[in-house]
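Engineer: Residue numbers (our numbering), protein chains in the order written: chain A, 1 to 565; chain B, 566 to 702.
Keep in mind that the hints are not guaranteed to be accurate.
As the list claims (entries may be wrong) - A few chain A residues that don't get close to chain B, going by computed Cβ distances all over 10 Å:
1) P152
2) T153
3) T331
4) S387
5) S505
What the hints assert, rightly or not - Looking from chain B toward chain A, a few residues come up when the C-beta cut is under 8 Å (computed):
6) A653
7) E659
8) A662
Simulated from the structure, these hints should not be mistaken for lab results.
Virtual Cβ for every residue (Gly too), placed ideally from N, Cα, C.
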Amino acid sequence: MGERPRRGSGTRLLSVGIALVMGWTLVGYRLTVVQGARAEEFAARGLDQRLQHRTLPADRGTIFDRDGRELAVSVESVSVYANPLEMPDPARVASLLSPLVGRDPSDLLADFTDGSAFVYVARQMDPADAAPIRDADLPGVYFLAEPKRVYPTGALAAHVVGFVREDDNVGLEGLELQYDEALTGRPGELLVERDPAGRVIPQGEYQVVPAEPGSDLVLTVKTEIQYAAEGALRQALERTGARSGTVVVLDPETGEVLAMVTLPSYDPNDRDGVDEDAVRTRAVTDVFEPGSTQKLVTISAALEAGLVAPSTMFAIPSEIQIQDTVFTDSTIHDSTLSVADIVANSSNLGTILVGDLLGARLLHTFMTAFGEGSVTGIDFPGESAGSLRPPEDWCPTTCLAGTSIGYHVAVTPIQMAAVYGAIANDGVWVRPHLVREIVDGSGVRTPQQAEERRVVSQTTAVEMREMLARVVEQGTGSLAAVPGYRVGGKTGTTEIYLATAQEYSSDQVVASFIGMAPIADPKVVVVVVLDSPVEYASGGQGAAPVFSAVMLAALNQLGVPPDAR
Amino acid sequence: MVARTPQVALPVPRRRAFHVVIDPGARRPRVGNWIALAMTVAMAFFLLISSRVALDRSAFVLEDIERDIAAQEARYWGLRLQVAELQAPGRIAELAAQMGMVYPAELHVLEVPGLGEPGPGVEERWADLKALLGAQP
Numbered sequence: 001m002g003e004r005p006r007r008g009s010g011t012r013l014l015s016v017g018i019a020l021v022m023g024w025t026l027v028g029y030r031l032t033v034v035q036g037a038r039a040e041e042f043a044a045r046g047l048d049q050r051l052q053h054r055t056l057p058a059d060r061g062t063i064f065d066r067d068g069r070e071l072a073v074s075v076e077s078v079s080v081y082a083n084p085l086e087m088p089d090p091a092r093v094a095s096l097l098s099p100l101v102g103r104d105p106s107d108l109l110a111d112f113t114d115g116s117a118f119v120y121v122a123r124q125m126d127p128a129d130a131a132p133i134r135d136a137d138l139p140g141v142y143f144l145a146e147p148k149r150v151y152p153t154g155a156l157a158a159h160v161v162g163f164v165r166e167d168d169n170v171g172l173e174g175l176e177l178q179y180d181e182a183l184t185g186r187p188g189e190l191l192v193e194r195d196p197a198g199r200v201i202p203q204g205e206y207q208v209v210p211a212e213p214g215s216d217l218v219l220t221v222k223t224e225i226q227y228a229a230e231g232a233l234r235q236a237l238e239r240t241g242a243r244s245g246t247v248v249v250l251d252p253e254t255g256e257v258l259a260m261v262t263l264p265s266y267d268p269n270d271r272d273g274v275d276e277d278a279v280r281t282r283a284v285t286d287v288f289e290p291g292s293t294q295k296l297v298t299i300s301a302a303l304e305a306g307l308v309a310p311s312t313m314f315a316i317p318s319e320i321q322i323q324d325t326v327f328t329d330s331t332i333h334d335s336t337l338s339v340a341d342i343v344a345n346s347s348n349l350g351t352i353l354v355g356d357l358l359g360a361r362l363l364h365t366f367m368t369a370f371g372e373g374s375v376t377g378i379d380f381p382g383e384s385a386g387s388l389r390p391p392e393d394w395c396p397t398t399c400l401a402g403t404s405i406g407y408h409v410a411v412t413p414i415q416m417a418a419v420y421g422a423i424a425n426d427g428v429w430v431r432p433h434l435v436r437e438i439v440d441g442s443g444v445r446t447p448q449q450a451e452e453r454r455v456v457s458q459t460t461a462v463e464m465r466e467m468l469a470r471v472v473e474q475g476t477g478s479l480a481a482v483p484g485y486r487v488g489g490k491t492g493t494t495e496i497y498l499a500t501a502q503e504y505s506s507d508q509v510v511a512s513f514i515g516m517a518p519i520a521d522p523k524v525v526v527v528v529v530l531d532s533p534v535e536y537a538s539g540g541q542g543a544a545p546v547f548s549a550v551m552l553a554a555l556n557q558l559g560v561p562p563d564a565r
Numbered sequence: 566m567v568a569r570t571p572q573v574a575l576p577v578p579r580r581r582a583f584h585v586v587i588d589p590g591a592r593r594p595r596v597g598n599w600i601a602l603a604m605t606v607a608m609a610f611f612l613l614i615s616s617r618v619a620l621d622r623s624a625f626v627l628e629d630i631e632r633d634i635a636a637q638e639a640r641y642w643g644l645r646l647q648v649a650e651l652q653a654p655g656r657i658a659e660l661a662a663q664m665g666m667v668y669p670a671e672l673h674v675l676e677v678p679g680l681g682e683p684g685p686g687v688e689e690r691w692a693d694l695k696a697l698l699g700a701q702p
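So here's chain A without its partners, still in its complex pose (with noise of 0.2 Å):
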C-alpha cells in the first residue's frame, strides 16, 4: 500500500511554483527593459564608462640658433599627483614620498589632509627620478606624462629665447612669448575605449585627432658669438664695476642679430628667486641718451644734406653758453677742425656748429629717418621706440645743441645698432629682426622677410665710415681697434638723468662704443652700452675693448677675411 501524500506539500510546491514564475517574471521584466526599452540608454551609458576622452598636447616646436643648435627644446617628464581621498594612511605615503620627491613630509601631508581629490606632488620629474615613485606602487599615487621645456645652454642667449611658464608651457618671455602661438601648435583628441584596467579595448572605438606640432624657429643667433660676447661684457663689467651692460651684434645687409646679451642674465631652466631686473632684456626695453654715438646722425644728415663736406673746417670756439648752459669739449684739439677732424676728436662743439647749420627740423627729419623716436619692428616683445619729441617741442635754447649731441633723445642699443647699419649698409637701414625662418610640422619653412629703405646716400655713407674709421685709428676709440681688420666706430659718454633730482648726475655715465667692420664693406656692426661704470667709466676706456674682443670673435666665426695691408 503506497504512503498517501502528505497534505500541504501541494500547496508548497504551488508557493514555489508561484514563486518561481512570479522570479522569472521579474527577470524578463528586467531583461525587456534592460534589453529592450532602455538599451540604448544602458548602452550608451556603458560606453561612457569606457570611453575615454584624451586631448593630446601638441610637441612646442624647438629653437635653434642659426647653425641648427637647439636653444629650447622639450623633453618627456613625469608629474606626480595624488588623490588623498583614496590614502588609507596619508601620513605614510607622505613620509614615503617625501625622499623621492624631495618635499617636506609635513609639506606633503598638509596638502594631503586639505580635503582635496587632487594634489600635485611633483611637477616635470625626469621619468629616471620618477621610476622608484611608480616602483612603490603607493595606494592614491598617479603619474601624468607632461611636455617640459629645457633650455641646453642655459644662461646663453637667455633673454632672447625667453622662457615658458612651467604649468602650462606657455610664452612669458623673449621669442617664447612672441612666437608663442606659432611655437605651440594645434592640441589633438584621441577618443578609446578601454576595460576597468585602464586597458585599451581592442576593436573597441577609436577615434584620434592627431595634434599638429609648433613650428620650429631658426634664430638669426649665432652661439659662438653669442658666447664670445657674454663673456666680454662679463669681462667688462667686473673690470669697470658696471651694473649692468648690453652688446648686441648685427648683420646690417640682412638686419639678422647675430647676438643680443643683456647682463645680468639669469638660467631660464631654474628661474627660482631671480631678480625681475635681471629679465629685462635691456637691448630692446631700455632707453639711454646716446650721447656722442648720435653725432654719427648729426654728420651725416649734415654730408646728405650738402651743408658739409668731411673736408669742411670750423673754427672751434672753447665753449658755447647757450643762456645757463655751457657746452665744452673732453678732448684737447686744434682751434679749427675740419668735419673728419670734429668725429674723431669727438668734438661736441664742432658737432653743435654742425647742427646749427642744419636747424631743429631738418635733424629732426633725418632722426626719424634713421629710426630714432620710433620702434625698429624687431620680433621681440616689449620694444620701447625711445623718445624724440617733434621740432615744435624742442626748447629754443639748448634742445638743437643738445639733440646734435646725442642729449634730450633717448634711443635703445637695437635702434643704434639699427643706425650704424644704416651706414655700413651704403645708406640703406633694414629691421632688425631675431627669427630667420620658421618651420612648420610638415617641413615648410618660410623665411622672414625684413623690410628696408634708403636712409642716406651711398656716398654719405662711405665717407661716414671713412670717418668713423678714424676715430679709432686716430681718435677716441683706439681700443676698440681690432688686429687684422680696419674698423670704424663712435665712442659715447653721457651723463645719466636722475629723474628724481632733475638733473644730470656728475658721476654716473653710460659708456657706450658702436662700431662696425671691415669698414670698407662692413659684415658686423656691434653695440656695447655700459650702465654706470665705476672705472674707466668711458666709452672709449670702457667700452671700446668690449667692442674689439666681440668684434673679433664674430668676424672669426663668420670667416670674414683680414684687410689686405
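Fit chain B to the given chain A structure using the hints.
Structural biologist: Relative to chain A, chain B alone:
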C-alpha cells in the same frame, strides 16, 4: 425490362498489408548533412573566434609598438637634449680651460701676396685652362 445486377459476388480486392521499410541508405545521407552543417557552423564559429583573437592580439601588438615608438621618441629627444648640452660653448670652454687651453695673447695675421687683388675673369681663366689641357700629352 429491368436490368439486374448479377447475384454473383464480386471479388473483393484483398487489402494489402503495408509496412514501413527503413532504407538505411536513404536515411544516412540526411544525418550526414546535419553533421556537416553542424561542423561547418562550429568551424565558422571557431574561425570567427580565432580571427577575432588574432585581431585582438594584433591590436595589442600595435599598442605595444605605439608605446615603444613613444618611448623611443622620448629617448630621441632626451639624446638630442644631451647632445645640445654637450655642445654648449660654456661647457666646452670650461673643459678647454681644465685642459690648460688659453686664448691667444697675441694675434698674428698672415698676408698672402696677391690675395684679395682682382684676378682674371672667368673667360681668361677658362682660356688658360684650355691651353693647359691642350698642352697635355
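Engineer: For a quick check of understanding: which of the numbered hints are violated here, in increasing order?
Structural biologist: 1, 2, 7, 8
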